[in-house]
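There are 2 protein chains.
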Amino acid sequence: MDFQSLIDGLLKGDARSAARLMTLVENDIELAEKVINSIYDKTGNAYVLGITGAPGSGKSTFIAALTKKLIALRKKIGIICIDPSSPLTGGALLGDRIRMKESFSVKNVFIRSMANRGQLGGLSRATEDVIKILDAYGCDIIIIETVGVGQSEVDIFHSAATVLVLLVPGLGDDIQTIKAGIMEITDIFVVNKMDLPGADRKVAEIQQMLELNLKYRYENHDNQKSSEKGNHWIPEILKVNSLTGENFDELMKAIERHRNFLNQSGLISKYLENRIKSETRQIVKYKLIKKIEELLEKDDKIDAYMREVKNKSLDPYSMANKIIKLLENPKS
Amino acid sequence: MDFQSLIDGLLKGDARSAARLMTLVENDIELAEKVINSIYDKTGNAYVLGITGAPGSGKSTFIAALTKKLIALRKKIGIICIDPSSPLTGGALLGDRIRMKESFSVKNVFIRSMANRGQLGGLSRATEDVIKILDAYGCDIIIIETVGVGQSEVDIFHSAATVLVLLVPGLGDDIQTIKAGIMEITDIFVVNKMDLPGADRKVAEIQQMLELNLKYRYENHDNQKSSEKGNHWIPEILKVNSLTGENFDELMKAIERHRNFLNQSGLISKYLENRIKSETRQIVKYKLIKKIEELLEKDDKIDAYMREVKNKSLDPYSMANKIIKLLENPKS
Chain A
1 MDFQSLIDGL LKGDARSAAR LMTLVENDIE LAEKVINSIY DKTGNAYVLG ITGAPGSGKS
61 TFIAALTKKL IALRKKIGII CIDPSSPLTG GALLGDRIRM KESFSVKNVF IRSMANRGQL
121 GGLSRATEDV IKILDAYGCD IIIIETVGVG QSEVDIFHSA ATVLVLLVPG LGDDIQTIKA
181 GIMEITDIFV VNKMDLPGAD RKVAEIQQML ELNLKYRYEN HDNQKSSEKG NHWIPEILKV
241 NSLTGENFDE LMKAIERHRN FLNQSGLISK YLENRIKSET RQIVKYKLIK KIEELLEKDD
301 KIDAYMREVK NKSLDPYSMA NKIIKLLENP KS
Chain B
1 MDFQSLIDGL LKGDARSAAR LMTLVENDIE LAEKVINSIY DKTGNAYVLG ITGAPGSGKS
61 TFIAALTKKL IALRKKIGII CIDPSSPLTG GALLGDRIRM KESFSVKNVF IRSMANRGQL
121 GGLSRATEDV IKILDAYGCD IIIIETVGVG QSEVDIFHSA ATVLVLLVPG LGDDIQTIKA
181 GIMEITDIFV VNKMDLPGAD RKVAEIQQML ELNLKYRYEN HDNQKSSEKG NHWIPEILKV
241 NSLTGENFDE LMKAIERHRN FLNQSGLISK YLENRIKSET RQIVKYKLIK KIEELLEKDD
301 KIDAYMREVK NKSLDPYSMA NKIIKLLENP KS
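Here the protein sequences line up with chains A and B, keeping their order. The working numbering numbers the first residue of the first sequence as 1 and each following residue consecutively. The working numbering numbers the first residue of the second sequence as 1 and each following residue consecutively.
The reader is advised that the hints may include incorrect statements.
[Stated by the list, open to error] Estimated spans, in silico, between C-beta atoms of each pair: (1) B:Lys-298 / A:Asn-260: 28 to 38 Å; (2) B:Lys-298 / A:Leu-214: 24 to 34 Å; (3) A:Ser-313 / B:Asp-28: 21 to 31 Å; (4) B:Pro-197 / A:Leu-243: 46 to 56 Å; (5) A:Leu-214 / B:Ser-313: 32 to 42 Å; (6) A:Lys-12 / B:Ala-304: 29 to 39 Å.
Think of the hints as simulated: they come from the structure by calculation, not from any bench. Heads up, the beta-carbon is just placed ideally off N, CA and C, and yes, glycines get one too.
Construct the complete structure from the given sequences, taking the supplied hints into account.
As structure tokens, then:
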């Protein structure tokens with residue numbers, strides 16, 4: 001099937017076209033550019049939720065329960081799994097745990113596993129492109145699931161308008177294991193498995209940590225999201241049971257409250273700007289690093305510089321400056 | 001003390017000048033550039049050894065024993081510790097375990113701890129600059145100690161002419177915990193704590209893994225170091241006891257054999273080229289990323305692009321291309 005047919009298929013809601021375009025953007029940044037060029041003006045309708053939590057916090061069961069709620073509201077849902085240990089790829093929604101190869105769709109739900117994929121050109125770059133494909137595919141809500149470790153996972157959360165962090169009673173140090181950067185951008189804390197002993201204690205722990213954190217932010221004026229006076233979102237804390245669905249109505253309302261807050265405060269615009277900046281930064285970095293590598297491998301001048309550095313008539317910083325000039329002005 | 005006095009002090013072998021220059025290159029890439037500009041033509045005499053091993057493999061005791069041998073040969077030695085858990089910073093050589101703040105010197109030995117330092121501009125960039133300072137300071141041998149995890153640590157090993165990997169009997173999976181990339185560049189395997197049961201089995205395990213690896217390399221023609229026909233270094237395997245010094249004479253001979261091999265085969269030139277390429281690449285990347293961040297924060301055009309991306313008249317890839325053009329031609 002040719003490229004334009006895939007784009008046409010995607011815009012008509014064809015799942016196979018969507019899946020094939022995702023593979024293209026994951027594997028090849030030049031094709032990614034072509035895909036995004038073609039679909040960008042059809043994006044912007046989907047609302048992006050980021051969900052993270054340590055292994056064992058029940059992310060996949062939680063997402064399955066959340067998805068059921070959204071399906072009942074006649075929403076079309078896209079799910080992107082970054083967590084390589086996630087059993088979510090298809091299995092959890094169907095009641096079994098078979099791991100799907102890469103993508104899977106049932107009526108109104110499309111699941112894409114990006115674990116161990118798209119690393120080459122940057123996982124967050126590829127994830128942002130897959131979000132846009134799901135958006136153009138017609139999804140109303142896109143859920144990104146990550147395990148919340150590593151810088152690229154924090155970058156991924158720039159894509160999410162509302163960030164949910166899952167914790168469970170008992171698991172004493174799960175708050176600590178979540179990377180600090182993700183804590184800072186959490187909008188809703190969810191204590192999953194609320195039937196287990198210690199759920200209320202976990203809520204109190206989060207409350208305490210939150211107060212410390214807010215005090216710190218206040219003293220250091222470093223909270224980007226609340227930089228405009230009066231625009232403060234105080235993260236909510238909720239207990240749920242993903243197996244029984246208990247408190248999911250309340251959870252849906254909390255998500256809606258945060259979404260309304262972003263719209264009414266105008267911070268949705270700040271979110272979009274940060275998201276655009278973050279993805280543009282990823283693309284620029286990737287393209288420049290590719291150029292550097294090509295230059296180091298192929299340009300004749302590099303060998304000459306290398307000889308000079310070897311015989312000490314040039315030092316590595318000066319060579320680096322010459323390479324930057326070559327990048328800026330290839331014909332000089 | 002002014003900059004030129006520090007440089008003069010360094011070149012006369014003043015340890016305090018060396019330590020202060022190291023702090024400068026770790027904290028500020030512009031000062032690093034100035035330092036390397038000033039000393040580069042005085043470098044190139046030191047031979048760089050890289051030493052890695054999992055925690056518990058006895059790296060600091062091993063390095064202390066190796067250093068004693070080198071002191072006896074009237075060598076001047078520089079040691080750079082990257083391993084944040086290393087107790088080597090001064091203590092091990094003096095018989096106690098007091099952790100030094102950042103650097104420490106006794107007659108003919110200078111130790112610098114870079115754990116948790118110089119991360120900002122790239123740990124491997126800063127390490128390479130500290131190597132040059134130790135080289136200009138007059139060191140004959142520079143030892144880099146790392147724990148061998150993470151990409152930046154693998155990058156650091158581009159600086160080393162001879163790479164030693166420490167393993168210990170018993171610790172069954174220590175071979176697996178060492179990052180594959182480091183295994184590929186190992187020149188000498190050292191089974192430390194040879195008095196423990198299982199030392200010979202460990203040697204056999206390494207031998208076996210090495211044969212598999214060499215077979216794989218041979219079939220895939222991907223061994224850079226042996227890319228010229230006939231230039232094959234077969235990694236050596238040695239047992240030592242760092243507490244008693246047993247087999248350290250043999251170890252010194254093995255290091256000398258590898259050094260002679262590099263010189264006689266001409267591969268020393270390839271090593272230097274790879275090292276220069278690696279450090280130049282780090283510098284170029286860091287400088288470009290800094291430029292991108294400045295541009296994203298300050299340039300007026302960015303806001304205009306951002307508005308276009310928000311209203312869908314421009315997509316993020318096209319914005320990235322415009323930013324790359326701005327970087328290449330700031331006045332356009």
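Verdict for Lys-298 of chain B, Leu-214 of chain A (Cβ pair) under range 24 to 34 Å
holds, 30 Å
Determine whether the Cβ-Cβ distance between Lys-298 of chain B and Asn-260 of chain A falls within the hinted range of 28 to 38 Å.
Holds, since Lys-298 of chain B and Asn-260 of chain A (Cβ atoms, about 34 Å apart) stay within the stated range.
Consistency of beta-carbon spacing, Ser-313 of chain B to Leu-214 of chain A, with hint 32 to 42 Å
holds, 39 Å
Using the C-beta atoms of Lys-12 of chain A and Ala-304 of chain B, is the stated range 29 to 39 Å upheld?
holds, 34 Å
Asp-28 of chain B and Ser-313 of chain A - C-beta distance against the hinted 21 to 31 Å:
About 25 Å separates the Cβ atoms of Ser-313 of chain A and Asp-28 of chain B, which means 21 to 31 Å holds.
Is the gap between the beta carbons of Pro-197 of chain B and Leu-243 of chain A within 46 to 56 Å?
holds, 50 Å
Every hint, counting from the list given before, is met by this structure.
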